[in-house]
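Based on the sequences and whatever the hints tell you, model everything.
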Amino acid sequence: MEKTAETTKSESPYVPGVTKRKTVQLGHNQLKLEKILLICVFLIIPLTSLILFTYVPLFDMVRYSMYHYNGYADPEPVFVANGADKLFKDNYYLVFKNPDYWKPLQVSGVYLIGSFVQIAIALYFATIFYFRPKGAGFFKAVIFIPSLLNGVAISLMFLLIFKNDSSSQGVLNSWIIASGGQPVSWFNGFWRANLVLAFISVWRYLGNNMVMFAGTMESVSKDEIEASEIDGAGKWQQFLHILLPDIKDIVFLNLILAVNGAVQVFEIPYVMQPSNPYTKTFIMKTMEIAFNQNQIGLAAALGIVMLLIVSVIALFQKAFEKKTGAN
Amino acid sequence: MEKTAAVATEKKPNEFLETVKAYGSVIWGKFKKHWENNRHPEEDKIEYKKTPVQQVLNVLMYISLVIAALLVILPIYIVFVASLKTNQEIFSSNALLFTSGTWSNYADAWNFNAKMTSNPSTMGTAFSWTILISVFSIALTIMSGSFVAYVLSRFSFHGKSVLKALFLIASIVPSVTMQVSLYGLMAKMNLIDKPIALVLLYSGTDIISIYIFLQFMDNLPRDLDEAALVDGCNSFQVFFKIIFPLMKPAISTVVIIKGIGFYNDFYIPSLYMKNHFTVSTYLNSMNQSFGTTWGVICAAVIIAILPTIVIFCLLQNQIYSGLTSGAVKS
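Chain order of the listed sequences is A and B. Residue numbering for the first sequence follows the numbering used here, beginning at 1 and increasing consecutively. Residue numbering for the second sequence follows the numbering used here, beginning at 328 and increasing consecutively.
Treat the hints as calculated values from the structure; they're not laboratory data. Please read all numbers here as calculations on a predicted model, not as lab measurements. No residue lacks a Cβ here, since even glycine has one placed at the ideal position from N, Cα and C. Check before you lean on any hint, since a few could be wrong.
[Claimed, not checked] Lysine-lysine pairs mimicking DSS-like chemistry, simulated, CA-CA at most 27 Å apart: (1) A:103 - A:285; (2) A:322 - B:491; (3) B:487 - A:318; (4) A:103 - A:280; (5) A:35 - B:357; (6) A:323 - B:491; (7) B:601 - A:285; (8) B:568 - A:32; (9) A:248 - A:222; (10) A:248 - A:235; (11) B:487 - A:32; (12) A:235 - A:222; (13) A:323 - A:248; (14) B:601 - B:515; (15) A:35 - B:568; (16) A:235 - A:134; (17) A:248 - A:318; (18) A:134 - B:357; (19) A:134 - B:360; (20) B:521 - A:35; (21) A:103 - A:163; (22) A:322 - A:248; (23) A:280 - A:97; (24) B:515 - A:285; (25) B:359 - A:134; (26) B:487 - A:322; (27) B:601 - A:280; (28) A:35 - B:491; (29) A:285 - B:521; (30) B:487 - A:323; (31) A:318 - B:521; (32) A:285 - A:97; (33) A:32 - B:491; (34) B:348 - A:134.
[Stated by the list, open to error] Label pairs and their computed distance ranges (CB to CB): (35) A:308 - B:601: 26 to 32 Å; (36) A:62 - B:394: 45 to 51 Å; (37) A:324 - B:380: 32 to 38 Å; (38) B:462 - A:181: 39 to 45 Å; (39) B:636 - A:133: 20 to 26 Å.
The structure is reproduced here in structure tokens:
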């Protein structure tokens, strides 16, 4: 008995439709019925919500994106009735023709630069913590804490610091004035405004990356490091030749996923600068078109563009994981 | 809260500062002890003698650590200082120095909406909604996540690969843009402005917890199932009596990751629950209301981030490892 179980286990994956492992023990039909019952009972809720909250809206979004659909109160566009002549012509054409709609992707570019800087700094601190200097636990905790904090709270925190009203200057400007300078309007101009927001984003997420890298570095053998230390290798050499090769996969993965993060920025600019034209992100624009201007068809087209970007990234990610043999 | 405010305002400025300092040193002592207890044994390893160059690099390394720590602490500290000031003091005095100090901002922040608008919710109500919604969402997430993981990890059936692909594709789809069509769907189901909508969306679109459970379950030896089956358990009993109780580490990871995520989420409640506030939307409403003083906003910010910081200090190691395991697939 024991042996049968053992062999079926070592015979890798479960071949679909084959249940020989259990037929040994009990009546075949009884087990099969029980199995079907369990699968149905266990999957009914998750599968219903998966279809309802992911696939139905996905299908709807594709459908909406092809038609003029102005407001949820309007009758819904139907695939056949409206005819295919509008297909792609209006919404998608507009998305690519009107810079108003794709310009927000330039904002994502600034955040992308921010995330590359963030990954570099995270790598630096993760390496430092690998060597466990005195107080490592404290510094690691402090640098990590922002990634747990409420995003709206963070936005308000930095609004107080970067504020620039004629009546009341924020902390940074009042320091600049006190030292004899002119107050800076931090959210004026494309580069300045978005660099400030990208800085806040780095402030928030740096610790997250750092802990992830540090966690991966933990698996690097300490013996190897100690051996190299006796051989006289410096920290930089140890990083380059021992640590980096072991974590380069996760670093690269994070660089790929940074694109996803950059195109999906929403919370901080929305709370801090809800109506600033310079800092409008792609999501903010999409939401504005959908919920303020009621152009749902157009917003859905923008959503599909976003979906395409993210899908390309996902394909890259999968290809990369396959290549490196990561799960 | 009211009580503290009353006591604090009666005291003279100096005494107030002394109290803050005294409490501060007690709390600091506790944290320090905590961090020392959590030190890695490797930290005490023998130090090799350092060359002068290495010593300089060491100093530079510490300088960079201190700068990073200051950059993190400074904004939080400034907001804390501002939360104890009147609006006029915030914009006229040094942002780093305490003034006479008043806790009344905290009372105002707690009761903000009751005072400023007709909406009777206090920050207490916002916390209650947030906790209630998070608890139900987490319970549902754990339930459906572990169910799916059990089926995928222990059974073979027709269409299993299709099912896996469905979940995989769903993990790619960006939920932020999906709201364009999801909102229409929720409106059709008459779920807008109902707290249950948040519970359904949080638990219904979560894929990460399935991966966490699946990873964990694949590492549980199948011999356990076999033994239980031989002993006469049916597959349901195997799950509820054997597998589920063994999944505590994975469950606590999901509770931590999801709990923090739901507590901090702003996007979903701002779209689907405009009639009640969660902590995030409460904070945002303060910023948008005309004439809110910054002292009150800062007090609310401190109230909102305090629970997270306390939980982090208590569960530091679980949070670090939970983050690393949750990050494998995300």
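Evaluated hints:
For the hint pairing residue 103 (chain A) with residue 285 (chain A), the CA-to-CA distance comes to about 10 Å; that is within 27 Å, so the pair holds. The suggested pairing of residue 322 (chain A) with residue 491 (chain B) holds, with an alpha-carbon distance near 17 Å, which does not exceed 27 Å. Only pairs whose Cα atoms come within 27 Å are accepted, and residue 487 (chain B) paired with residue 318 (chain A) is accepted, the gap being roughly 20 Å. The hinted pair formed by residue 103 (chain A) and residue 280 (chain A) meets the criterion: a straight-line CA distance of about 9 Å does not exceed 27 Å.
With a C-alpha separation of about 53 Å, the suggested pair residue 35 (chain A) and residue 357 (chain B) falls outside the 27 Å cut-off, and the hint is violated. Restraint check for residue 323 (chain A) and residue 491 (chain B): satisfied, since their Cα atoms lie roughly 21 Å apart, inside the 27 Å limit. Restraint check for residue 601 (chain B) and residue 285 (chain A): satisfied, since their Cα atoms lie roughly 20 Å apart, inside the 27 Å limit. The hinted pair formed by residue 568 (chain B) and residue 32 (chain A) meets the criterion: a straight-line CA distance of about 21 Å does not exceed 27 Å.
Proposed proximity of residue 248 (chain A) and residue 222 (chain A) is supported: the alpha carbons are some 18 Å apart, at most 27 Å. Of the supplied pair hints, the one linking residue 248 (chain A) and residue 235 (chain A) holds, its CA atoms being roughly 17 Å apart against a limit of 27 Å. Between residue 487 (chain B) and residue 32 (chain A) the alpha-carbon distance is near 16 Å, which keeps this suggested pair within the 27 Å criterion. Distance restraint check for residue 235 (chain A) and residue 222 (chain A): the Cα-Cα separation of roughly 13 Å lies within the 27 Å cut-off, and the hinted pair is therefore satisfied.
Between the alpha carbons of residue 323 (chain A) and residue 248 (chain A) the distance comes to roughly 13 Å, so the proposed pair stays at or under 27 Å and holds. A distance of roughly 17 Å separates the Cα atoms of residue 601 (chain B) and residue 515 (chain B); the hinted pair therefore holds under the 27 Å criterion. Our distance criterion of 27 Å between C-alpha atoms is met by residue 35 (chain A) and residue 568 (chain B), whose separation comes to about 17 Å. With a C-alpha separation of about 16 Å, the suggested pair residue 235 (chain A) and residue 134 (chain A) falls inside the 27 Å cut-off, and the hint holds.
A C-alpha spacing of about 16 Å is found between residue 248 (chain A) and residue 318 (chain A), which places the hinted pair at or below 27 Å, so the restraint holds. Proposed proximity of residue 134 (chain A) and residue 357 (chain B) is supported: the alpha carbons are some 18 Å apart, at most 27 Å. A hinted pair counts as satisfied when its Cα atoms are at most 27 Å apart, and residue 134 (chain A) with residue 360 (chain B) qualifies at roughly 15 Å. For a cut-off of 27 Å, the pair hint linking residue 521 (chain B) to residue 35 (chain A) is broken: about 37 Å separates their Cα positions.
Between residue 103 (chain A) and residue 163 (chain A) the CA atoms are separated by roughly 26 Å; this keeps the pair inside 27 Å, and the hint holds. About 15 Å separates the Cα atoms of residue 322 (chain A) and residue 248 (chain A), which keeps this hinted pair within 27 Å; it holds. Using a Cα cut-off of 27 Å, the hinted pair residue 280 (chain A) and residue 97 (chain A) holds, with the two alpha carbons roughly 18 Å apart. As the CA atoms of residue 515 (chain B) and residue 285 (chain A) are separated by approximately 24 Å, the hinted pair is consistent with the 27 Å bound.
The straight-line distance between the Cα atoms of residue 359 (chain B) and residue 134 (chain A) is roughly 13 Å, inside the 27 Å bound, and the hint therefore holds. Distance restraint check for residue 487 (chain B) and residue 322 (chain A): the Cα-Cα separation of roughly 21 Å lies within the 27 Å cut-off, and the hinted pair is therefore satisfied. With a C-alpha separation of about 23 Å, the suggested pairing of residue 601 (chain B) with residue 280 (chain A) holds against the 27 Å cut-off. Among the hinted pairs, residue 35 (chain A) with residue 491 (chain B) is consistent with the structure: their alpha-carbon atoms are about 18 Å apart, no more than 27 Å.
For the hint linking residue 285 (chain A) to residue 521 (chain B), the alpha-carbon distance of about 26 Å falls within 27 Å, and the restraint holds. Only pairs whose Cα atoms come within 27 Å are accepted, and residue 487 (chain B) paired with residue 323 (chain A) is accepted, the gap being roughly 25 Å. In summary, the hint linking residue 318 (chain A) to residue 521 (chain B) is not supported, as the alpha carbons are separated by about 38 Å, beyond the 27 Å threshold. At roughly 16 Å between alpha-carbon atoms, residue 285 (chain A) and residue 97 (chain A) fall within 27 Å of each other, so this suggested pair holds.
Restraint check: the Cα-Cα separation between residue 32 (chain A) and residue 491 (chain B) comes to about 21 Å, which is no more than 27 Å; the hinted pair holds. Proximity of residue 348 (chain B) to residue 134 (chain A) is assessed by CA-CA distance (about 26 Å); at most 27 Å being required, the pair is judged to hold. Checked against the hint of 26 to 32 Å, the C-beta distance between residue 308 (chain A) and residue 601 (chain B) comes to roughly 31 Å, which is consistent with it. For the hinted restraint 45 to 51 Å between residue 62 (chain A) and residue 394 (chain B), the CB-CB distance of approximately 49 Å keeps it satisfied.
With their beta carbons about 36 Å apart, residue 324 (chain A) and residue 380 (chain B) fall inside the hinted range of 32 to 38 Å. Take residue 462 (chain B) and residue 181 (chain A): their Cβ atoms lie about 50 Å apart, and the range 39 to 45 Å is violated. A beta carbon spacing of about 24 Å between residue 636 (chain B) and residue 133 (chain A) agrees with the range 20 to 26 Å that was offered as a hint.
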